[in-house]
Amino acid sequence: MTATAPADQPTRAGSAGVLSAKRPLGDRTFQIVALAAGLLVLVILVLIAATTTDQSTSWFAKEGITGIFSKTWNPTANQFGALSFLFGTAVTAIIALILAVPVSLGIALLLTEVVPRRWARPVVYVVDLLAVVPSVVWGLWGILVFAPWLQGIYSSIGNFFNGVPVLGNLFGPPTDGASFFTAGIILAFMITPIVTSLSREVIATVPTMDREGAYALGATRLEMIRGVVLPHSQGGIVGAVLLGLGRAVGETIAVALVIGSSATITSHLFAPGYTMPAVIANQFGEATGVWKAGLMGLGVLLFVFTIIINVVARGVVERSARRGRGA
Amino acid sequence: MHLRRRKHGATAIAAVGGALLLAACSSSGSPSSSSTSSALSGTLNGSGSTFQLVYQQAAISAFKSLQSGMTVNYAGVGSGTGRTNLAAGTVNFAGSDSPIPSTDLPLFKGKTVLYFPVVIGPITMAYNLPTLTKPLQLTPAVISDIFQAKVTKWNAPEIAAINPGVTLPSIPITLAVRSDSSGTTANFSLFLVDSSPSTWKLGTGSTISWPSTAHAGSGNSGVAQVVKSTAGAIGYVDYSTAKASGLTFASVKNKDGNYVAPSVAGASASAAGVTVNPDLTFHAVWGTGATAYPITYQSWDLVYAKQPNANDAKLLKAYLGYLLGDGQKLLPALNYAPLPSSIDSSAVAQLSKITG
Chain A
0 MTATAPADQP
10 TRAGSAGVLS
20 AKRPLGDRTF
30 QIVALAAGLL
40 VLVILVLIAA
50 TTTDQSTSWF
60 AKEGITGIFS
70 KTWNPTANQF
80 GALSFLFGTA
90 VTAIIALILA
100 VPVSLGIALL
110 LTEVVPRRWA
120 RPVVYVVDLL
130 AVVPSVVWGL
140 WGILVFAPWL
150 QGIYSSIGNF
160 FNGVPVLGNL
170 FGPPTDGASF
180 FTAGIILAFM
190 ITPIVTSLSR
200 EVIATVPTMD
210 REGAYALGAT
220 RLEMIRGVVL
230 PHSQGGIVGA
240 VLLGLGRAVG
250 ETIAVALVIG
260 SSATITSHLF
270 APGYTMPAVI
280 ANQFGEATGV
290 WKAGLMGLGV
300 LLFVFTIIIN
310 VVARGVVERS
320 ARRGRGA
Chain B
0 MHLRRRKHGA
10 TAIAAVGGAL
20 LLAACSSSGS
30 PSSSSTSSAL
40 SGTLNGSGST
50 FQLVYQQAAI
60 SAFKSLQSGM
70 TVNYAGVGSG
80 TGRTNLAAGT
90 VNFAGSDSPI
100 PSTDLPLFKG
110 KTVLYFPVVI
120 GPITMAYNLP
130 TLTKPLQLTP
140 AVISDIFQAK
150 VTKWNAPEIA
160 AINPGVTLPS
170 IPITLAVRSD
180 SSGTTANFSL
190 FLVDSSPSTW
200 KLGTGSTISW
210 PSTAHAGSGN
220 SGVAQVVKST
230 AGAIGYVDYS
240 TAKASGLTFA
250 SVKNKDGNYV
260 APSVAGASAS
270 AAGVTVNPDL
280 TFHAVWGTGA
290 TAYPITYQSW
300 DLVYAKQPNA
310 NDAKLLKAYL
320 GYLLGDGQKL
330 LPALNYAPLP
340 SSIDSSAVAQ
350 LSKITG
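The listed protein sequences correspond, in order, to chains A and B. Each residue of the first sequence is one higher than the one before, counting from 0 in numbering that gives the first Met the number 0. Each residue of the second sequence is one higher than the one before, counting from 0 in numbering that gives the first Met the number 0.
These are calculated hints, taken from the structure and not from any lab test. Treat each hint with caution, since some may be false.
A few chain A positions that, by computed beta-carbon distances, are all more than 12 Å from chain B [as the list claims (entries may be wrong)]:
| no. | residue |
| --- | --- |
| 1 | Leu34 |
| 2 | Ala48 |
| 3 | Val237 |
| 4 | Asn309 |
Derived pair list, reagent style DSS-like, types lysine-lysine, alpha-carbon separation capped at 25 Å [said to hold, decoys possible]:
| no. | chain 1 | residue 1 | chain 2 | residue 2 |
| --- | --- | --- | --- | --- |
| 5 | B | Lys352 | B | Lys305 |
| 6 | B | Lys313 | B | Lys110 |
| 7 | B | Lys152 | B | Lys252 |
| 8 | A | Lys61 | B | Lys108 |
| 9 | B | Lys200 | B | Lys152 |
| 10 | B | Lys200 | A | Lys70 |
| 11 | B | Lys254 | B | Lys133 |
| 12 | A | Lys70 | B | Lys149 |
| 13 | B | Lys63 | B | Lys328 |
Each residue gets a CB set at the ideal place from its N, CA and C atoms; glycine is no exception.
Pulled out of the complex, with its shape left as it was, chain A reads as follows:
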């Protein structure tokens, strides 16, 4: 299990395409099953992309590029512009990241660098428990308990900033418990576990020698974290954040319940809005014709965006990994 084993395996896997008769039956069966499983994922992905695109062609054809990125979504008037949903998706995801990333990194650093290992375990369990709360439970709690409670806070913040330039436009009235900001907070709760646990794992891979070296040079704990831990784990952390972003962009039912379901574009973060997954979930049951095609089309756009996010995430991770090796 030293140097020879890993060097040997790639050549075996490389020749797997040719199923030589010399191999035992079990081995060949395993190869076929593994190959089929791998291809299945690809086939499913392509089928989803093909059918949703096919079903949404009438929307793309009717609205055109300008129509798709127009503001008005009004099924009764046969207008299907998706801009307000793109806006809502972006705004809620950004709010979620702004709230969740510092907290998640804080927890991850606390667990790896500050508290002793035996105290870290219970904290890890609690954070991971957040991840097993089903999203519909987040949504129901959000709309029945959290949003009414936030409404009071939003009102006082709104009154405080009323008339103040910029801040008044962001946080001033009108305020509503079900809003962009409430959805952002709920999303922050939901993505905190994934960002935390991925960052924690990445940070844990920082070599002990590097840490000890920094301490030996007289670095304080903060200097050691800034000089050794963060540069080493930068790529992994960015990857974790982007995976959290992917989750926030695609989250459906929790957002559908707390966003307020109003297809509007506004600078007011305490006003009701709408996101792409939420409108699909809310309107699909009764949709017909171009309307249904439009919802399918939103699905396609969402699909494209998540692919872009993932490709970018991968790129960032790889680039910083290369830089890490070079340094």
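Mind docking chain B on chain A? Use the hints.
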């Protein structure tokens, strides 16, 4: 709220129990009541309107005691999806709160689809004004102004003029609307189109572009929750949910000029006062009649006239015959309205058009 829901569940169970009893009576008393004569076996699948769902569930369990060899399934997936499923041939019947829209007709490839109206129900104007001592009265014109945010305060002169002797609070009106697309929204907006065509500008459909100040809730219970938790709120909520949530609702001025509170009898009266097309499509909103409650909606079961085999045709005739016959007796206990006898008898007559 949970307690209330449970209570509502209890009434449903009681209703089912009652239905079983009824079924037992009819089978022992008079063998003439059609479908009991021959034993049928097979499965019927239906999906669609959630408005029908409670009735379908009660009827399915009651029907089981009449035809133990038959299994009926109904999934509440929304009218639009139900119709798509029927077109795709994955279900035997679809529940829908509105007729097939013209844009969807090509999906059915020219095959004849029969409409069987099965249930009627009032939509209430539920409000949250705890200080009010008398029930609120509303006219279609005022409802249209309120839901377009033209009237935004409860003590506005338009509302005060039709509520003499009532002290209205000086608080803003909060609109409670549906976040999901729904037959309730479609029929409520249809009522506004029919009753105040000159002032209502938002059109009709299962999703409406409400004023951006509106608070949206998911499902009838979501809207009920918004109304319940917000002082000064008003929303459109189906009657059974409004009753189960303990909401107060307004009396609405009908076509004959009387203020009528929502009730099962008022809904049947409104449906009796509308014109029914030969294919049995109609709008139960804005019907004539002194006691008619004007915001009333309806739901159909849609089936193909030509069934793939004789057994399917038999099964559908038996089940739809039950929904239009003894099943109607279950409705008042579930806070739905039975069909007026004129519509019911033409629907029963239409059963013969289902062929195998």
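Status of the hints after comparison with the structure:
1. Leu34: The claim stands: leucine 34 of chain A keeps its Cβ more than 12 Å from every Cβ of chain B (closest is about 33 Å).
2. Ala48: holds (21 Å)
3. Val237: With a cut-off of 12 Å, valine 237 of chain A remains clear of chain B, as the shortest Cβ separation is near 35 Å.
4. Asn309: holds (30 Å)
5. B/Lys352 / B/Lys305: Within the cut-off at roughly 8 Å; holds.
6. B/Lys313 / B/Lys110: With Cα atoms ~19 Å apart, lysine 313 of chain B and lysine 110 of chain B stay inside 25 Å; holds.
7. B/Lys152 / B/Lys252: Measuring from Cα to Cα gives roughly 20 Å; hence the hint holds.
8. A/Lys61 / B/Lys108: holds (23 Å)
9. B/Lys200 / B/Lys152: holds (20 Å)
10. B/Lys200 / A/Lys70: Between lysine 200 of chain B and lysine 70 of chain A the Cα gap is close to 19 Å, so the pair holds against 25 Å.
11. B/Lys254 / B/Lys133: Cα-Cα ~23 Å, so holds.
12. A/Lys70 / B/Lys149: holds (23 Å)
13. B/Lys63 / B/Lys328: At roughly 16 Å apart (the allowed maximum being 25 Å), lysine 328 of chain B and lysine 63 of chain B satisfy the hint.
Hint violations for this structure: none, all hints satisfied.
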